[in-house]
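Novice: Protein chains in written order, with full-length UniProt numbering: chain A, 1 to 385; chain B, 1 to 385.
For the record, the hints were derived by calculation from the structure and aren't laboratory data.
One should not assume that every hint holds.
If several chains are the same, the list does not tell them apart, and a pair holds so long as it fits within one copy or across any two.
Below, a list of computed lysine-lysine pairs in the DSS-like style, where the Cα atoms sit at most 27 Å apart [unchecked claim]:
(1) Lys110 <-> Lys365
(2) Lys385 <-> Lys115
(3) Lys3 <-> Lys331
(4) Lys365 <-> Lys333
(5) Lys3 <-> Lys333
(6) Lys338 <-> Lys36
(7) Lys365 <-> Lys134
(8) Lys383 <-> Lys338
(9) Lys110 <-> Lys383
(10) Lys80 <-> Lys3
(11) Lys365 <-> Lys117
(12) Lys234 <-> Lys110
(13) Lys80 <-> Lys36
Note that this is a predicted model, so its numbers are computed, not measured.
2 protein chains.
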Amino acid sequence: MNKVLVLGAGQLARMMELAGTPLNLDVKAFDVRSDKVVSPIYPDRIYGDLQQGIANADVITAEFEHVAHDVLAECEQSGKLFPTSEAIKIGGDRRLEKALLESCCAANAKHHFIKNKNDFNKALEVLSLPIIFKTALEGYDGKGQWRLKTAADAESTWQEMADFLASAKETQGIVAEQMVPFDRELSLVGVRRVNGDVAVYPLTENHHTNGILSVSLAAPVDNNLQNQAGTVFKALSDKLGYVGVLAIEFFQVGEQLLVNEIAPRVHNSGHWTQQGADTCQFENHLRAICDLPLGSTELVRPTAMINIIGEDAVPNEVLAVPSVTMHWYNKGKRAGRKMGHINVSGENEQQLAERLQQLAGILCKHAFPDLTDFAYAYINNLKTK
Amino acid sequence: MNKVLVLGAGQLARMMELAGTPLNLDVKAFDVRSDKVVSPIYPDRIYGDLQQGIANADVITAEFEHVAHDVLAECEQSGKLFPTSEAIKIGGDRRLEKALLESCCAANAKHHFIKNKNDFNKALEVLSLPIIFKTALEGYDGKGQWRLKTAADAESTWQEMADFLASAKETQGIVAEQMVPFDRELSLVGVRRVNGDVAVYPLTENHHTNGILSVSLAAPVDNNLQNQAGTVFKALSDKLGYVGVLAIEFFQVGEQLLVNEIAPRVHNSGHWTQQGADTCQFENHLRAICDLPLGSTELVRPTAMINIIGEDAVPNEVLAVPSVTMHWYNKGKRAGRKMGHINVSGENEQQLAERLQQLAGILCKHAFPDLTDFAYAYINNLKTK
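Just chain A, same shape as in the assembly (with noise of 0.2 Å):
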C-alpha cells in the first residue's frame, strides 16, 4: 500500500482520499495551521507533525502552492516530494511562472514586473491601457489585483500599490499585465508521469462571479483549442519535469489561447471529472505521484460543476435533479467560503442545459447569483449551434 503525504488539509486533500481510498492509498494531509498530520476526512484524528508524516510517506504531494518554502525544502529532501519544490513555487509566484511561459514560448498576455515607481512608470510605457495588476504572490480568487483603465488614475492606483509594497514582505512584488479582450475563459488539467506520459482531459470553459470561479462546463471542444491547448500542457510539464496534475488557465482571444496561470495541483476546474470523466483527476494525480498507469481523461458525458459558496445546505430538490451529485467540502460556514460543488451530466449537451435550467430555478439566486443566465446563455449558444 502507498502512503500518502498531502501539504494542505482542505477539500482538495479530502478529494484525494476519497479517490485514493479504493485505489488501496492511504492518503494523509499536513495541515498548515495546526502543524498536524491528519485524515483529510477526519480532520480530528491526528497522526504526529511533519517529521513523522515525511517519514512516514512514500509520497509527498501538496493541494496548495503556497506552501511554506522551509516545509518544501524539508519534503523535497526526503526524495518523495512531486511535484518538484520549484514547480510549487512557480505556481505561487507570477514572476516566476511568467518565466517559464517565456522560456517555454507559451503565449500569453504581455506584462512587466513592478518593484518601485519607476517599474510602474515603465509599465505604463511599454504596456496600452487597461491594465490589471496582481501580486506575485499569495494572489488568488481574484484578490491582490488592481485595475488601471484611464491615465487619470494612474497616480492613484500606484499610490494604492505603493502603501501594499511598503507593508508587504521583502519578495513581494507585482505583475502588470495588459489585459486582454478575451472570448472565453478556458482551463485544461493534464496529468504528466515520471517517464513522461502525459494524459490531458478536455478544455473546460469557466465562469467567475466576483473573482471566484462558479460554473466550469466540460463538453465536446474544438479539435483547433484542444490541440493548442495540449501542446501548452507538453511543452511546460516537459520544462519542469512535472509529476501529477497540473492545470492551465487560458484566454480564449479568437482562434488563440493566452496562458493566464498555472496552478501546480488538482484545481476547481478539474471538479467535474469526478462524474463527467472516465478518470478523476484525484485519482489521476495519486496514480502519477504513485508511479501508476495514468487512466483515461476522455469526457464521458458533458458535465457541468456549480461552485457552492458560502452555503452549508441546498434545498432537498437538487437531488431529485437526475444526475446530480453532491461533494461537501464538511467545512465551517463562512460568506466567500468554497463549500462543495455540484456536479451534473447530461446525455448531450441539450439535458445537461436543462438539467442546469432545473438547477437555477431551485437554488437560491442569492447564493447561485449568476446560474439562471448561465444556463439561459448557454440553451440560446446550443440553438445557434
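Chain B: place on chain A using the hints.
Specialist: Same frame as chain A, but now just chain B:
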C-alpha cells in the same frame, strides 16, 4: 448532517461511507465481531458500543441479513431501522423468503420445506430430480447446499443433511428446490423510498465461479425481461414497505424470470453502478434511508464488475486499461475471500468486451479462472447479435 449506523462493518459499509461522505452523511458501522461502532474506512477508530451507536444515529441500516435477532430488535425499537427487521430477517431465512414470494405471486422454483425424513420423502414426491437442497439459515456464496441428481443417491444425501440438522440449532431447516434448467442468472438492484417512490437499475447478468459471483455485466437489456423484473421488485418492496436498496436474483428460463433469492441490502451484483450508473447503489441506499430524493438509476455506459477473490494485488498494468476503476476493501488476504473488485466500462458493448479481453490477458488465470472464457463468449455473442 444525517448520522447513519450500518449493522456490519465490511466492504458494503465501507463503500457506503465513501459514497455518503461527499453527501455530508456521517456513516459509522457496528462491527458484529468486536461489538463496537467503528468508521468503516478506519476500522481501528472506535465510537462506542451498540447502545451508543443507536443513540447517536439518525438512521440505522444493515449491510448483511444474518444480523442477530436481538440486535435487530434493539435497533427497531429505536424507530430508526430501515429497512424493517422483518425485511432483513426474510433475507436471512429461505422459508420466509419463499413465503413472501408466494404471497406476492412472484414466480419461483417449486420447493418443499424439510425438517425430518418424512419431509425429505415428501420433497422427493412433489419435486422431480435434480433437486437442490439449501439450508434455510446462514447459507451464502454456494455454502450449505446439497445436490441430488439420481434417486440412488437419495439415502446418502439425506444422511448428510440429517447429520447437519442434528448438529444445527433448532431454528435451522432445509429448503428443497426443483433445480431449474436456466439460461442465465440475472439480478435486479432497486431502491424504494418511504413515500413509495421506486427506481430500479438495469438487469445485471451474473456469472459464478465455485458458487461465488465472479463477473457481473450491465448492458442494455431486453424490455420484456426488465419489465418483469421491475414488476416483481415493485410487488415485493411494496409488500414489505421496504426502504433502501433491495436486490433480487433471478433465473432466466426462456422468456421468463424466476426469483432465486432476495437480498435486503446493497448487493455485489450492483457494484458496477459505481461507474456505470447515474447514481451508485450505495448513494441511493443512503438517500432512501435518509428520506432524500432517489437518484437516477440509468445506465450511463455498458459496465462490467470483476470480483477479486483471495488476492490482495493485481498487476499495475490493469490500471492502463481505459475505464478501469479499482475498488479494494482493505481486508486481510484469505483464500475465497472477496478482497475487492474491478469496474470496467466501454462506450459500447464491443469496446467493453475488448477491454474485458485485455484484462483477462493481464490478470492471473489462477485467480480469475473463468475471465478469459467469459470475455471470449461475450465477444462471440456480440458478433451474432
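Novice: Could you run down the list of hints and mark each one as holding or not?
Specialist: Here is what the structure says about each hint:
In this assembly of identical chains, Lys110 and Lys365 lie within 27 Å of each other by CA distance neither inside one copy nor across copies; the values are 37 Å within and 59 Å between. In this assembly of identical chains, the alpha carbons of Lys385 and Lys115 never lie at most 27 Å apart, being 47 Å within a copy and 71 Å across copies at closest. Taking CA atoms no more than 27 Å apart as the test, Lys3 paired with Lys331 passes in both settings, with 25 Å inside one copy and 17 Å between copies. Taking CA atoms no more than 27 Å apart as the test, Lys365 paired with Lys333 passes inside one copy only; the shortest distance there is 18 Å, against 52 Å between copies.
Taking the shortest Cα distances, Lys3 and Lys333 sit within 27 Å of each other only across copies (19 Å), while inside one copy they are farther apart (31 Å). Taking the closest pair of Cα atoms, Lys338 and Lys36 come within 27 Å of each other only inside a single copy of the chain (23 Å); across copies the shortest separation is 35 Å, beyond that limit. Neither within a single protomer nor between protomers do Lys365 and Lys134 lie at most 27 Å apart by alpha-carbon distance, with minima of 30 Å and 59 Å respectively. Proximity of Lys383 and Lys338 under a CA criterion of 27 Å is satisfied in neither setting, with 32 Å inside one chain copy and 50 Å between copies.
Neither within a single protomer nor between protomers do Lys110 and Lys383 lie at most 27 Å apart by alpha-carbon distance, with minima of 36 Å and 58 Å respectively. Taking the shortest alpha-carbon separations for Lys80 and Lys3, only the intra-copy value of 11 Å comes in at or below 27 Å, while the best inter-copy value is 38 Å. In this homomeric assembly, Lys365 and Lys117 never come within 27 Å of each other (Cα to Cα): the closest approach is 43 Å inside a single copy and 72 Å across copies. In this homomeric assembly, Lys234 and Lys110 come within 27 Å of each other (Cα to Cα) only inside a single copy, at 22 Å, whereas the closest approach across copies is 65 Å.
In the homo-oligomer, the alpha carbons of Lys80 and Lys36 lie at most 27 Å apart inside one protomer (18 Å), although the nearest pairing across protomers, at 37 Å, exceeds that limit.
Hints 1, 2, 7, 8, 9, 11, counting from the list given before, are not met by this structure.
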